[in-house]
Amino acid sequence: MNLAVKFCGITLDNPVIPASGTFGYGLEFARLYDINILGSFSIKGTTLEPRFGNPLPRIAETPSGMLNSVGLQNPGAEAVARDIFPELKKVYRKKVFANVGGHDERSYVAAAEILAREDIVCAVELNISCPNVREGGMAFGTDPAVAARITSAVRKVVHKPLIVKLSPNVTDITEIARAVEEAGADGISLINTLLGMAVDRRTGRAITHVPHAGLSGAAVKPVALRMVHEVASAVKVPVIGMGGIENAYDVIDFMSVGAAAVEVGSANLVDPFACKKIIEDLPRALAEIGADDINEIVGRTDRCAK
Amino acid sequence: MKETDYTVISNTPLNASVYEMRLAGDNSAITRPGQFVNLKVTGKFLRRPISVCDVEGDSLVIVYKVVGEGTAIMSRYTRGEKVNALTGLGNGFDIDRAQGKVALIGGGVGLPPLYWLLKTLLLRGVKPTVLAGFRTAADEYYIDRFSRLADVKTATEDGSLGVKGRVTDLFKAGEYDYFFACGPEPMLAALVNTGMDGQLSYEARMGCGFGACMGCSCKTKEGAKRICADGPVMTAEEMRL
Numbered sequence: 000m001n002l003a004v005k006f007c008g009i010t011l012d013n014p015v016i017p018a019s020g021t022f023g024y025g026l027e028f029a030r031l032y033d034i035n036i037l038g039s040f041s042i043k044g045t046t047l048e049p050r051f052g053n054p055l056p057r058i059a060e061t062p063s064g065m066l067n068s069v070g071l072q073n074p075g076a077e078a079v080a081r082d083i084f085p086e087l088k089k090v091y092r093k094k095v096f097a098n099v100g101g102h103d104e105r106s107y108v109a110a111a112e113i114l115a116r117e118d119i120v121c122a123v124e125l126n127i128s129c130p131n132v133r134e135g136g137m138a139f140g141t142d143p144a145v146a147a148r149i150t151s152a153v154r155k156v157v158h159k160p161l162i163v164k165l166s167p168n169v170t171d172i173t174e175i176a177r178a179v180e181e182a183g184a185d186g187i188s189l190i191n192t193l194l195g196m197a198v199d200r201r202t203g204r205a206i207t208h209v210p211h212a213g214l215s216g217a218a219v220k221p222v223a224l225r226m227v228h229e230v231a232s233a234v235k236v237p238v239i240g241m242g243g244i245e246n247a248y249d250v251i252d253f254m255s256v257g258a259a260a261v262e263v264g265s266a267n268l269v270d271p272f273a274c275k276k277i278i279e280d281l282p283r284a285l286a287e288i289g290a291d292d293i294n295e296i297v298g299r300t301d302r303c304a305k
Numbered sequence: 000m001k002e003t004d005y006t007v008i009s010n011t012p013l014n015a016s017v018y019e020m021r022l023a024g025d026n027s028a029i030t031r032p033g034q035f036v037n038l039k040v041t042g043k044f045l046r047r048p049i050s051v052c053d054v055e056g057d058s059l060v061i062v063y064k065v066v067g068e069g070t071a072i073m074s075r076y077t078r079g080e081k082v083n084a085l086t087g088l089g090n091g092f093d094i095d096r097a098q099g100k101v102a103l104i105g106g107g108v109g110l111p112p113l114y115w116l117l118k119t120l121l122l123r124g125v126k127p128t129v130l131a132g133f134r135t136a137a138d139e140y141y142i143d144r145f146s147r148l149a150d151v152k153t154a155t156e157d158g159s160l161g162v163k164g165r166v167t168d169l170f171k172a173g174e175y176d177y178f179f180a181c182g183p184e185p186m187l188a189a190l191v192n193t194g195m196d197g198q199l200s201y202e203a204r205m206g207c208g209f210g211a212c213m214g215c216s217c218k219t220k221e222g223a224k225r226i227c228a229d230g231p232v233m234t235a236e237e238m239r240l
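Heads up: the sequence lines are chains E and U, in that order. Per numbering that gives the first Met the number 0, residue 0 is the first one in the first sequence, and the count goes up by one each step. Per numbering that gives the first Met the number 0, residue 0 is the first one in the second sequence, and the count goes up by one each step.
Don't take each hint at face value.
Simulated crosslink set (PhoX-like; lysine-lysine; CA at most 20 Å straight-line) [claimed, not checked]:
1. E:K275 - U:K39
2. U:K152 - U:K163
3. U:K1 - E:K276
4. E:K275 - U:K1
5. E:K276 - U:K39
6. U:K118 - U:K152
Don't read these hints as lab results, they were simulated from the structure. Predicted, not measured: the structure shown is a model, and the values here were computed from it.
Could you build all of it, start to finish, from the sequences and the hints given here?
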């Protein structure tokens, strides 16, 4: 059974990539299992300057999912490169996707430049879709012209594959996808969290301190599948699908609608061994549908006769 | 940290909303009082972090208050039910730092982790005084158990049990040299403001419980700390910002 996939010229042993914000910088998980089994992983969204993020509560339970309003807490790009990557290299010999956040064009470019020069970084994942920061973040990912401007500015300084992570909080996601493709993105990942809200029934107050927060988990999977399907059909660059993936069958679903690889998010928080289990289960799940190479199933939804 | 499947031995109400659940399973990852377990709850997405109340061999005791749907589901678990848990989470109390006259200060549902802490301190020859606070007498639980092991002083906001007032009113300057505390945020803030030396266990809504999601960070003198992984126990000193 072949699980290896090629994404933007990078060969991954398998298509399973823990999503940014659910895997820290890998160190907590490296204590639990050998994280070298992963295809790769996307580091915690990192900005030029250190960020504390939003006040607590930042987390709420919702039906089949969760809300978060963390707000890109991270120690800053320099500290990640200087202090964290050397620690990570002791336990991880593969490469990471550097997820980069920002609040204006300059800060995106500077953070991307710092991280992209690190040898442990194989690609930059540009986060223009974080719903939890007041300035920038999602605001850049909901306007095609702005998304294209940030993408092309970062493109100029990053000489490694550049993936742009899209927000689902738009009317037509294909419009944004085409805009960043034209601006030089080598790949697209989606979806970031959906804006949502939860209310404390006793007090009537929003549960999270920042009332509108990012929804993730199984609840978003149908929306994510639809958007991955739309984007994969709209662009030529490869697509990473994510949104509510919990098991090997979910991976098959996302690849069927056109994803070349997948990211696994909230599932890591509930079950720290989720990605390990998914990778171990994939061969059997693929065998069940008669596939012997995972690449066979990519885009099969559109190849099927109705 | 370890993933363990526990079996429910008993699940008994202690008052109208507080339950004691006894579980059997692998406790080997639980090494210190003040640590917590993160329980998978049937039908819920996120786990529920609950402090360890007592550990003996493969028996684990947790005491929890029904505050929402997740804990309500837990309260209906019966003997024999399997409960998946991540265990041995958090730093726990550092008992080596206890010195002189020690107070264990628990407010409401903050009392449980102090029980195993008390037993551990007694084994070390430290004889703490327990200060327990509740809103009203009907909320009381576990005082009989604490009283068998230590001197216990109680306060209720309406005076229906013990002294009328807050548990922090029982903590008089000059009477103690060190404290361990767990309880609601205003209680912990009041203790930090006393300027006394001690350790406080914090509570937060958590995403993962093991340091991955940054869902429960707080500011300390030493920078941002994750309540789940760097805490839940913080020193009073580092919380004096």
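Evaluated hints:
1. E:K275 - U:K39: holds, 19 Å
2. U:K152 - U:K163: holds, 11 Å
3. U:K1 - E:K276: With a Cα-Cα distance of about 16 Å, the restraint between K1 of chain U and K276 of chain E holds, given a limit of 20 Å.
4. E:K275 - U:K1: Judged against 20 Å, a Cα distance of about 15 Å means the pair holds.
5. E:K276 - U:K39: holds, 17 Å
6. U:K118 - U:K152: At roughly 17 Å apart (the allowed maximum being 20 Å), K152 of chain U and K118 of chain U satisfy the hint.
Every hint from the earlier list agrees with this structure, and none is contradicted.
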